[in-house]
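Start from chain Z and add chain P according to the hints.
There are 2 protein chains.
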Amino acid sequence: MESIKRDLFGPGPTNVPDSILQALSLPTIGHLDPAFLGIMDEIGERLRHCFQTKNSLTFVLSAPGSIGMETSFVNLLEPGDKVIVCINGVFGGRMKDICERVGAEVITIENEWGTPVDPDELRATLEANSDVTAVAFVHAETSTGVRSDAKSIAEIAKSHGCLVVADCVTSLGGVELLVDDWGLDVVYSGSQKCLSCVPGLSPITFSKQAVDKIKQRKSRVQSWFCDISLLMSYYESGEKTRAYHHTAPVNSLYAMNEALRLVVEETLQVRWDRHRDAASHLYSRLEAAGLEMIVAAEHRLSPLTLVRIPEDVDDAAIRGGLLNNKNIELGGGLGKFAGNAWRIGLMGQNATVDRADFIADALISEL
Amino acid sequence: MESIKRDLFGPGPTNVPDSILQALSLPTIGHLDPAFLGIMDEIGERLRHCFQTKNSLTFVLSAPGSIGMETSFVNLLEPGDKVIVCINGVFGGRMKDICERVGAEVITIENEWGTPVDPDELRATLEANSDVTAVAFVHAETSTGVRSDAKSIAEIAKSHGCLVVADCVTSLGGVELLVDDWGLDVVYSGSQKCLSCVPGLSPITFSKQAVDKIKQRKSRVQSWFCDISLLMSYYESGEKTRAYHHTAPVNSLYAMNEALRLVVEETLQVRWDRHRDAASHLYSRLEAAGLEMIVAAEHRLSPLTLVRIPEDVDDAAIRGGLLNNKNIELGGGLGKFAGNAWRIGLMGQNATVDRADFIADALISEL
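Chains as they are written, first to last, in my numbering: chain Z, 1 to 367; chain P, 1001 to 1367.
In isolation and in its complexed conformation, chain Z is listed as follows (with noise of 0.2 Å):
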């Protein structure tokens, strides 16, 4: 097959560095082989490093970071159970979807695009609704390039007796995430975004809370795939006899252990700070040229940049001059920024200023 290369700069996948691809080509082995489940307990170890959690549920679903999303809810949720979902995004949308096929009593906040949760807001509809299981909410917002303040929300909601659900799909390995001291209860991610891995998985973490609230349940889960009491016996039991569910995605299992490897030897706060140092160059090179940031500097999301597209540029012929011309990938807009916005992602191996540099140089020049 023929090789394609990008410089990826879009929403995700980011560019993946080369001993990550090497993992994933190793020579497959069997998923219920001793070796593999050596490997299976060493992702576990540096996933709960990278959430910060002590969670023995703390593992890698076979498939992308929406299927994160559905597991946490199906699993939390049953029919009838009332749950507030946070929306200021395409994902919190997503989020109230799969939450009604549960046949959950979904209550919405909504705030404006581009702009983070609010958490007066939610306190206020914790007062006026009693009973309320759980709270759900986007930490990253990838279609909005928002950071929400996680600690808050979760302060408030558990000052309610509620759970806690946060999609971290652009958040872990790139933004500060304490899931543990924060209080979050059930945590999803994806592969493909800071962690700088192939796309397909998905990391999650859940807290005992949340596992004493899914062994209570009195409905099956609707979701044969998605129902963790069928794995939970192998990771809550301490005993290594591995029940076979599904065939593990072995490739992009090795891929991921590499990848969070990586992010352990260079400590997460380095990794952080790395992210975060490479958004504040990007702000800088893209104002001096005259162009706008969406998002209020204190609510953004280091790994993911909304930059409003001039009234005079066309977008289409900007994304495509840069892809076709010079093999860049620009993220567009989603939803509501639909042509209206880019967004550029400075994730995994890409958050280095050189590479803002490159961005920014690349963008600037078509304008």
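Derived by calculation from the structure, the hints in this document are not laboratory data.
It should be emphasised that the depicted structure is a prediction, and the values quoted were computed from it without experimental measurement.
Where hints are given, some of them may not hold.
To be verified - EDC-like mimics (lysine to aspartate or glutamate), calculated; alpha carbons at most 20 Å apart, straight line: (1) Lys326(Z) x Asp277(Z); (2) Lys1005(P) x Glu42(Z); (3) Lys326(Z) x Asp1033(P); (4) Lys218(Z) x Asp1097(P).
To be verified - For the chain P half of the interface with chain Z, some residues (derived, Cβ under 7 Å), not all of them: (5) Pro1064; (6) Ile1067; (7) Gln1192; (8) Tyr1235.
Even for Gly, the Cβ is constructed at its ideal location relative to N, Cα and C.
Chain P in isolation, oriented as in the chain Z frame:
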């Protein structure tokens, strides 16, 4: 990461050809990149050939084979729909489980493990029950090494106006499979068996009749991830404006494209014959050594052979010895065959007379 090399003679994954591993590790590009959409089209064309179908809705799901099973039923069936599930092993049992989670009314036909689905029993059950929406069966039971007569089953089901769902996880690319000629409506498979690709993907195809049934649904599909109405416009319309649904597992799809290319290049008939000849050779070698095949000759599934473990032989010691001393994976029994049968896979790259000799020599020398 350390490389572990095994000769894989279990129920899958099988060994992956180098050219597929090379394709897998090509640089990642974006899932909305026009170059990637070209690859998706190529995959669709090749997959239609492998399935022997003209179905426009023929594509690869971003998760292992069990998501193929789940996607089939959650889309095709609505709560209250009547479905006949034929059970002659683990995977028929899983079909029943998933259909129940959908809220369907499930009628089962159970045949002895190690024997095929009985078409006469299906006919009688269809005559005794009206308004059956679909008949589901496993073409190639990976738990028992049995091939059922898909053509007859589909013919009977069709004559009663039913849609037909077939699990072809261990038959696609290794055993005769004629989706259109036989009248199969929903057919799914896995990447890691006779296609000799890495595990983690599930090829699937839907007939026009299946699509029509899905379009007439009154209720929403219970799974967001598996809801093909969210994907259908892309595959059905012929338009190439690809809507974003989830981030495709780009690298795994590179590998799938190469795996399918190899099948088309070899031609299906040659590949089916190769699997049959390798298996025949294996039977002779093992029978000459006094071992007994569990399945009657006419119902054997060439890619996967069940061998009875002699009474004085220690299953764990033999499999452990092969793995630890010779880096050979042999499959253990599943379900009712746990501890009393081995499952020997000769799939994809390993379906040759030479490889049959290799595993026969290795196993016989351990006895």
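TODO: Mind checking the alpha carbons of Lys218(Z) and Asp1097(P) for me, to see if they're no more than 20 Å apart?
DONE: Distance of about 17 Å is within 20 Å: holds.
Open item on the list: What's the verdict on Lys326(Z) and Asp277(Z), does the C-alpha distance respect the 20 Å limit or exceed it?
Closed with: Distance ~25 Å between Lys326(Z) and Asp277(Z) Cα, so the pair is violated.
Task: Status of the Gln1192(P) interface restraint (C-beta, 7 Å, chain Z) - done: Gln1192(P) check passes; min Cβ-Cβ to chain Z is 6 Å, inside 7 Å.
Task: Given pair status - Asp1033(P), Lys326(Z), alpha carbons within 20 Å - done: Roughly 14 Å between the alpha carbons, so the hint for Lys326(Z) and Asp1033(P) holds.
- [ ] Below or equal to 20 Å on CA atoms is what counts here, so check Lys1005(P) against Glu42(Z).
- [x] 19 Å, holds
Open item on the list: Quick check on Tyr1235(P) please, does its C-beta sit within 7 Å of some C-beta on chain Z?
Closed with: Result: violated, 18 Å to nearest chain Z Cβ.
Task: Status of the hint placing Pro1064(P) at chain Z (closest C-beta pair under 7 Å) - done: Since the shortest Cβ distance to chain Z is 5 Å, the answer is holds.
Open item on the list: Quick check on Ile1067(P) please, does its C-beta sit within 7 Å of some C-beta on chain Z?
Closed with: 5 Å, holds
Going down the numbered hints, you'll see the structure goes against 1 and 8, while the others check out.
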